Amino acid sequence: MAEVMKIDLGNYEGPLFTGRPRGKAIREKLELDKLDDGVNTFVVDVPQSAFSVTSSFFLGLFGPSVIKAGTPETFFNRFEFRAPPVLRAAFADYVERALQGRSFFQHM
Amino acid sequence: MISMLARAAAEPLRARRYKLDVIIPERFSVIDDPTGSLTLITGFAAILRSSSRKIQRIFIDHGRLREYDLAANGLLAVIVSDLREERAGGRRLRLRGRYPADPSVRRVYEELAITKYLNIETVKSEASTEPSLEVFDVRRAASIEPEGVAARYHEQKAGEFVEHVDRCLVRGSNRRLTATGKLDLSNYVAEILANAEDHAIGRYGHVDWSIQGYLDESAKPASCEITIFNFGPSFAQTLNLVPRDGFTWIEQVRPYLDRHAATRNNSGRFREEELLTVIALQGGVSSKNDVEETTRGQGTVDLIRFFQAVHAECNGATGCGAEMAIISGSTYVKFDGTYKMEGQQSTTSVIAFNRGNTLEAPPDPKYVQSLGRLSFPGTIISIRFPLSSASSRLVEERNNGGSDEN
Numbered sequence: 001m002a003e004v005m006k007i008d009l010g011n012y013e014g015p016l017f018t019g020r021p022r023g024k025a026i027r028e029k030l031e032l033d034k035l036d037d038g039v040n041t042f043v044v045d046v047p048q049s050a051f052s053v054t055s056s057f058f059l060g061l062f063g064p065s066v067i068k069a070g071t072p073e074t075f076f077n078r079f080e081f082r083a084p085p086v087l088r089a090a091f092a093d094y095v096e097r098a099l100q101g102r103s104f105f106q107h108m
Numbered sequence: 001m002i003s004m005l006a007r008a009a010a011e012p013l014r015a016r017r018y019k020l021d022v023i024i025p026e027r028f029s030v031i032d033d034p035t036g037s038l039t040l041i042t043g044f045a046a047i048l049r050s051s052s053r054k055i056q057r058i059f060i061d062h063g064r065l066r067e068y069d070l071a072a073n074g075l076l077a078v079i080v081s082d083l084r085e086e087r088a089g090g091r092r093l094r095l096r097g098r099y100p101a102d103p104s105v106r107r108v109y110e111e112l113a114i115t116k117y118l119n120i121e122t123v124k125s126e127a128s129t130e131p132s133l134e135v136f137d138v139r140r141a142a143s144i145e146p147e148g149v150a151a152r153y154h155e156q157k158a159g160e161f162v163e164h165v166d167r168c169l170v171r172g173s174n175r176r177l178t179a180t181g182k183l184d185l186s187n188y189v190a191e192i193l194a195n196a197e198d199h200a201i202g203r204y205g206h207v208d209w210s211i212q213g214y215l216d217e218s219a220k221p222a223s224c225e226i227t228i229f230n231f232g233p234s235f236a237q238t239l240n241l242v243p244r245d246g247f248t249w250i251e252q253v254r255p256y257l258d259r260h261a262a263t264r265n266n267s268g269r270f271r272e273e274e275l276l277t278v279i280a281l282q283g284g285v286s287s288k289n290d291v292e293e294t295t296r297g298q299g300t301v302d303l304i305r306f307f308q309a310v311h312a313e314c315n316g317a318t319g320c321g322a323e324m325a326i327i328s329g330s331t332y333v334k335f336d337g338t339y340k341m342e343g344q345q346s347t348t349s350v351i352a353f354n355r356g357n358t359l360e361a362p363p364d365p366k367y368v369q370s371l372g373r374l375s376f377p378g379t380i381i382s383i384r385f386p387l388s389s390a391s392s393r394l395v396e397e398r399n400n401g402g403s404d405e406n
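Protein sequence lines correspond, in order, to chains A and B.
Residue 45 in our numbering sits at position 45 of the first sequence; the count goes up by one each step and never skips.
Residue 325 in our numbering sits at position 325 of the second sequence; the count goes up by one each step and never skips.
None of these hints come from the bench; they were simulated from the model.
Fair warning: this is a prediction, and the values are worked out from it, not measured in the lab.
Note that beta-carbon positions come from the ideal geometry of N, C-alpha and C, so glycine has one too.
Only true hints are included.
Pair by pair, the computed Cβ-Cβ distance ranges are:
1) A:Glu96 x B:Pro365: 28 to 36 Å
2) B:His206 x A:Glu3: 41 to 49 Å
3) A:Ala89 x B:Gly205: 34 to 42 Å
4) A:Glu96 x B:Gln56: 58 to 66 Å
5) A:Ala92 x B:Pro146: 29 to 37 Å
6) A:Glu96 x B:Arg398: 29 to 37 Å
7) B:Leu93 x A:Asp33: 54 to 62 Å
8) B:Arg373 x A:Asn40: 52 to 60 Å
9) A:Glu96 x B:Phe59: 53 to 61 Å
Whole structure, please, built from the sequences with the hints as guidance.
In structure tokens, the structure reads:
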């Protein structure tokens with residue numbers, strides 16, 4: 001049965017959340033690889049005092065879930081972010097960038 | 001670190017017996033004169049390492065200096081700092097210096113670390129009403145920290161730097177960073193420091209980076225300068241280590257090298273190092289991407305976008321004063337608003353440093369240059385930009401509720 005799970009970044013030292021290794025470590029601690037099974041949904045609380053969540057941290061923590069979701073819409077349907085508006089806008093940008101193609105060249 | 005710089009030197013400075021005079025030229029700026037500045041810095045390190053001399057007296061003469069930047073002077077300070085540490089309790093070392101004669105330059109210099117090492121007598125003008133500057137200056141030269149859920153040292157310092165800039169704004173002009181300003185500035189600093197840590201770790205097990213910055217509210221217009229440099233592999237060296245059968249090399253690096261390695265530029269032809277450095281700056285490129293389905297390689301997008309944001313605050317006017325330079329190994333990349341990073345159709349952000357912004361064409365050699373025999377054993381990223389006196393996307397009046405308040 002689908003569950004709504006809470007992730008509270010207030011449990012971790014802020015007001016800056018940076019670094020891919022740190023995001024990854026928190027993902028491992030939360031066992032997100034196991035819990036993000038495509039059925040469960042998540043509410044992510046970002047403290048009001050946070051003034052930065054970098055793309056590296058965000059994608060360290062949520063990147064595999066972004067890839068699994070495949071589209072920004074699916075990802076944000078699974079992960080609801082309660083965060084200051086400027087950070088919510090940044091998260092949308094990170095997700096979109098993460099899902100872009102990476103090949104620059106047509107093969108000759 | 002002195003040894004690393006010395007090995008990168010084209011030739012050492014000359015000393016007279018046990019005395020070394022370091023004459024700082026009129027322009028000592030990595031952004032504006034990378035060749036001249038690095039020649040002096042690496043040459044200074046080289047003479048200190050030369051086995052034929054044991055320098056006992058050093059005089060650093062800034063008298064002629066008119067154009068400067070934090071990076072050039074920060075590197076000089078790091079050399080002097082490390083030298084003092086080496087000589088502590090050993091052979092005597094006498095350090096002296098002279099301030100810049102230009103009062104506006106001297107005002108900044110009085111707050112820089114290099115000045116504090118040189119025992120220069122400080123006589124502040126009684127008539128001066130300009131507030132003194134506060135320079136943020138942190139260096140980390142240590143073994144790697146273990147990774148985990150706690151914030152690491154560089155993450156804490158990135159936050160402290162943003163708070164420092166905010167305090168300077170409040171004190172100087174009763175303004176503050178907007179929520180967007182705080183986010184963009186912290187993304188810029190944090191991503192550069194994280195890159196310095198993450199890529200140095202695997203190869204060296206030791207990190208050595210510095211961040212320096214100041215906000216000058218007395219300048220007209222008010223200006224901010226930030227420099228971050230680290231010792232370790234360059235962008236090109238890091239990218240050159242990727243597996244040849246992995247996604248990054250096959251899909252991103254090799255095609256770019258194949259297309260442009262034979263292209264002529266002002267120095268002959270583009271070397272592989274310049275081309276690797278350009279590719280390393282593109283969105284979605286990371287030495288740690290083995291496969292296409294990965295989310296790495298966004299840090300450089302954040303730093304270039306920050307520069308574009310501050311440049312846009314000048315309404316994108318040429319000569320607005322916002323400039324950024326990256327020196328990595330012996331490649332120099334210049335940003336002055338002429339070329340922009342843009343997202344392309346369904347693919348990641350690209351900055352090709354040419355008119356069509358396409359990686360199918362070579363970069364403009366005025367903006368991607370080889371430093372020839374000179375190199376820096378790591379990466380320097382320096383930015384300076386004016387701050388609008390009016391409220392803007394990045395800065396606002398303190399009594400303004402702010403449209404993007406938390």
